[in-house]
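Protein chains in written order, with this note's numbering: chain A, 1 to 579; chain B, 1 to 162.
Please keep in mind that the hints were generated in silico from the structure rather than gathered at the bench. Any given hint might turn out to be false.
[To be verified] Listed next, the in silico DMTMM-like pairs over lysine to aspartate or glutamate satisfying Cα-Cα at most 25 Å (straight line):
(1) 563/A <-> 138/B
(2) 231/A <-> 26/B
(3) 511/A <-> 468/A
(4) 286/A <-> 475/A
(5) 244/A <-> 134/A
(6) 22/B <-> 277/A
(7) 143/B <-> 113/A
(8) 146/B <-> 62/A
(9) 77/B <-> 95/B
(10) 439/A <-> 26/B
(11) 286/A <-> 113/A
(12) 146/B <-> 574/A
(13) 143/B <-> 26/A
(14) 143/B <-> 89/A
(15) 60/A <-> 113/A
(16) 512/A <-> 557/A
(17) 143/B <-> 416/A
(18) 52/B <-> 277/A
(19) 60/A <-> 91/A
(20) 293/A <-> 26/B
(21) 143/B <-> 63/A
(22) 540/A <-> 107/B
(23) 231/A <-> 103/B
(24) 540/A <-> 95/B
(25) 129/A <-> 113/A
[As the list claims (entries may be wrong)] Restraint ranges, calculated between C-beta atoms of paired labels, are given here:
(26) 145/B <-> 62/A: 18 to 28 Å
(27) 114/B <-> 527/A: 40 to 50 Å
(28) 392/A <-> 50/B: 34 to 44 Å
[As the list claims (entries may be wrong)] Chain B is faced by these chain A residues, among others (derived, beta-carbon under 7 Å):
(29) 154
(30) 157
(31) 161
(32) 220
None of the values given here were measured: they were computed from a predicted structure. We treat Cβ as the ideally placed atom computed from N, Cα and C, and that holds for glycine.
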Amino acid sequence: MRVTVGLGSCGIAAGADKVFNLLNKELEDFTPCGASAVTGCIGMCYLEPIVNIDDDVYVKVDEEGAYELVKLLKGQKNNALSYKASAQDIELLASQTRIALKNCGVINPESIDEYVLKDGYKAAEKCLKNMNFEQVIEEIKTSGLAGRGGAGFPTWFKWNAARNSVGSEEKYIICNADEGDPGAFMDRAILEGDPHAVLEGMLIAAFAIGANEGIIYVRAEYPLAIIRLEKAISQARQKGFLGKNIFGSDFNFDIRIKAGAGAFVCGEETALIASLEGGRGMPRLKPPFPAQKGFKGKPTNINNVETFANVPWIIRNGGEAFAAIGTENSKGTKVFALTGKIAKGGLVEVPMGWTIKDVVFGVGGGIQNNKSFKAVQMGGPSGGCIPAVLENVTIDYKSLAETGAIMGSGGMVVMDDTTCMVDMARFFLDFTCKESCGKCTHCRVGNRRLLEILERICGGGGKDNDIELLEELSEEIKAGSLCALGQTAPNPVLTTLKYFKNEYEDHILNKKCTAHSCKPLLTYRIIPEKCTGCTLCARKCPANAITGTVKTPHVIDSEKCVKCGDCVKLCKFDAIVTT
Amino acid sequence: MSCNCKNEPRQELENYLENGNKTESDLIPILQKAQEIYGWLPPEVLSLISEKTGIKPAKIMGVVTFYAQFRTKPVGKNLILLCQGTACHVNGSADIESAVKGELNTEEGEMTEDGLFTYNNVACLGCCSLSPVMMIGDKTYGKLTKESTVRVLNEVAKGVKA
């Protein structure tokens, strides 16, 4: 019997570590299963903490639940059934196609033996023993694998370019794990849940291009991922999967970790290299591409975590098997982080070609509290908002680009009718302004001006020609920026303008925020018929703007009101409304 | 502002700097190590790094100010990281920030008078399904409301004082 607890960062935050410790203590001397083991995140974040007993899944297990599970295991009377995952949730999990997430939440990420039992390092062995580099690159070409970091560039092409780059014996493989996109945590989950898959993918890529050194550039904000990677690397060295003469061949390869220092722009290849070299992470003009001149001026291949995690599966099952999944122009699967106003938030992996509706209302379980679906933001600060009317758009690189959004790295933030789209655009611009490296004037100053206009509109100071100004400035920023950060920064503005222009007009012309989200545009009012005169709001109002005597309807002085919205949340009778 | 550089941490950093041939490409790990030792990067420490490695002070300052991780001001005993990721924003992280600000009576990046807290807004912490989220030390607090935020702050403060 095997008992496992999902200990990803999110699981731990939900209290899974407490459950884990408790189970360990209680089951220490219990021979049928022994203490519980660790797994990574299975992706059902809305059900954390999750405990597996063989094939049975128990969810939202608090301390009380953990005791019930102990009783169950020991054959005592228990209430464990009430923690069992519903058939529907299990079905949703089964409806996914898991390749990159295959082992996440299944194996113990801190055990190389468990990874090996799941055919781990077999693909690397196959490459090193039975294939030459051309065959490896050809297999990746057949698979149609494209970069999962956001741009969707064909992986084989990058590998081939680095392989064919002449003039240097020294080459590098870099894994881009600087996942900075707010609302995305796919790479974190893979690194925490199945670090060996990434190492194996890097090993195969290194063999294909002829590199002997690999570097994983990982966000410092992911301490657990770093710990698990360090363990995985040292285990792989012990087993001889990293080091000299791997699998008895004459191929040598080793990997080290470099912790990033917190700069979103370092997700851009040339900025990442500048950061690795110890400088400010500022992008430079391409060409030369990293494949020709990368780290230390040597040919370098950079792929994203999820891209590498797909590679061993492709080699084991063949490129054609991967290409059989997905659509004409987008092959394989994609991992998405479903967050925001979604009912069943978490991590999902689905075949390319599913519609947005399939994801949001299928695996995502629809919108929280049965509110209406308004839009989904894809691609983070570089992407855009896709409105609910386009819910039948299929998820592939081409169709998403046609909407003005992008596939991106996999963040899917779902919004309902309480989300203001102008405020969303303002939010992303605020992010890009803080993260712009400052090299290009259009990105540094232009985005700042965009943000100021959006802040003005959200604050009630919108002017007649603001929309035209936003559009004009956006186009100029796109044209005048060197790297993807600047070139895509106006996308959230342009897509919200494209699909939600009426909201901008409402803000500017009528000084109204229909989502009731922009506080400066709201007025608070008490409905006398509903107010019981309980005095709670008057007592709690930070501005003393509410007056009235006991058991008589109160009133809000709009001159004094600071629009904090506290009274609305406090009122037990729904007597306070915003207009 | 002078730091409380006792000899011990200085010795630890010096040992680290003298161990192996540290070059410009090691600057970020060096700064990360220094911050791990001191909690922040006091000017004297930056001078020491420059002296020992030969990296120009301007280059060091350039890197320190570029990355969000590096702090040029002392921080409180508890560093609060307030997640401002998209999911947290959609689920009301602005309210959480105002609660923290109000309760601690401080601005972002500034240490509270009692030296107990500093809060920083950070990009996504990757716990989106628990949004809004904050981290204090290495502990993550999820599904926050204004009330629960204040409660957590009080508990942490009590724990430190006790």
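A quick look at each hint next to the structure:
1. 563/A <-> 138/B: Roughly 34 Å between the alpha carbons, so the hint for residue 563/A and residue 138/B is violated.
2. 231/A <-> 26/B: Distance of about 23 Å is within 25 Å: holds.
3. 511/A <-> 468/A: Given that 25 Å is the threshold and the Cα spacing comes to 18 Å, the pair holds.
4. 286/A <-> 475/A: 21 Å, holds
5. 244/A <-> 134/A: At roughly 22 Å apart (the allowed maximum being 25 Å), residue 134/A and residue 244/A satisfy the hint.
6. 22/B <-> 277/A: 12 Å, holds
7. 143/B <-> 113/A: Violated. Residue 143/B to residue 113/A sits at ~37 Å, over the 25 Å cutoff.
8. 146/B <-> 62/A: 24 Å, holds
9. 77/B <-> 95/B: Holds - the C-alpha atoms of residue 95/B and residue 77/B are around 24 Å apart, at most 25 Å.
10. 439/A <-> 26/B: 23 Å, holds
11. 286/A <-> 113/A: Answer violated: residue 286/A to residue 113/A is near 42 Å, above 25 Å.
12. 146/B <-> 574/A: 19 Å, holds
13. 143/B <-> 26/A: Violated - the C-alpha atoms of residue 26/A and residue 143/B are around 29 Å apart, more than 25 Å.
14. 143/B <-> 89/A: At roughly 22 Å apart (the allowed maximum being 25 Å), residue 89/A and residue 143/B satisfy the hint.
15. 60/A <-> 113/A: This hinted pair is violated, its Cα atoms lying about 29 Å apart.
16. 512/A <-> 557/A: The given pair, whose Cα atoms are some 19 Å apart, holds under the 25 Å limit.
17. 143/B <-> 416/A: 18 Å, holds
18. 52/B <-> 277/A: 19 Å, holds
19. 60/A <-> 91/A: Distance of about 17 Å is within 25 Å: holds.
20. 293/A <-> 26/B: 20 Å, holds
21. 143/B <-> 63/A: Given pair residue 143/B, residue 63/A holds - Cα atoms ~18 Å apart, limit 25 Å.
22. 540/A <-> 107/B: With a Cα-Cα distance of about 24 Å, the restraint between residue 540/A and residue 107/B holds, given a limit of 25 Å.
23. 231/A <-> 103/B: Violated, because 40 Å separates the two Cα atoms, which is more than 25 Å.
24. 540/A <-> 95/B: Roughly 16 Å between the alpha carbons, so the hint for residue 540/A and residue 95/B holds.
25. 129/A <-> 113/A: 21 Å, holds
26. 145/B <-> 62/A: 18 to 28 Å: 19 Å, holds
27. 114/B <-> 527/A: 40 to 50 Å: 44 Å, holds
28. 392/A <-> 50/B: 34 to 44 Å: 59 Å, violated
29. 154: 28 Å, violated
30. 157: 29 Å, violated
31. 161: Violated - the Cβ of residue 161/A stays beyond 7 Å from chain B, reaching only about 24 Å at its closest.
32. 220: Cβ of residue 220/A sits 6 Å from chain B, so the hint holds.
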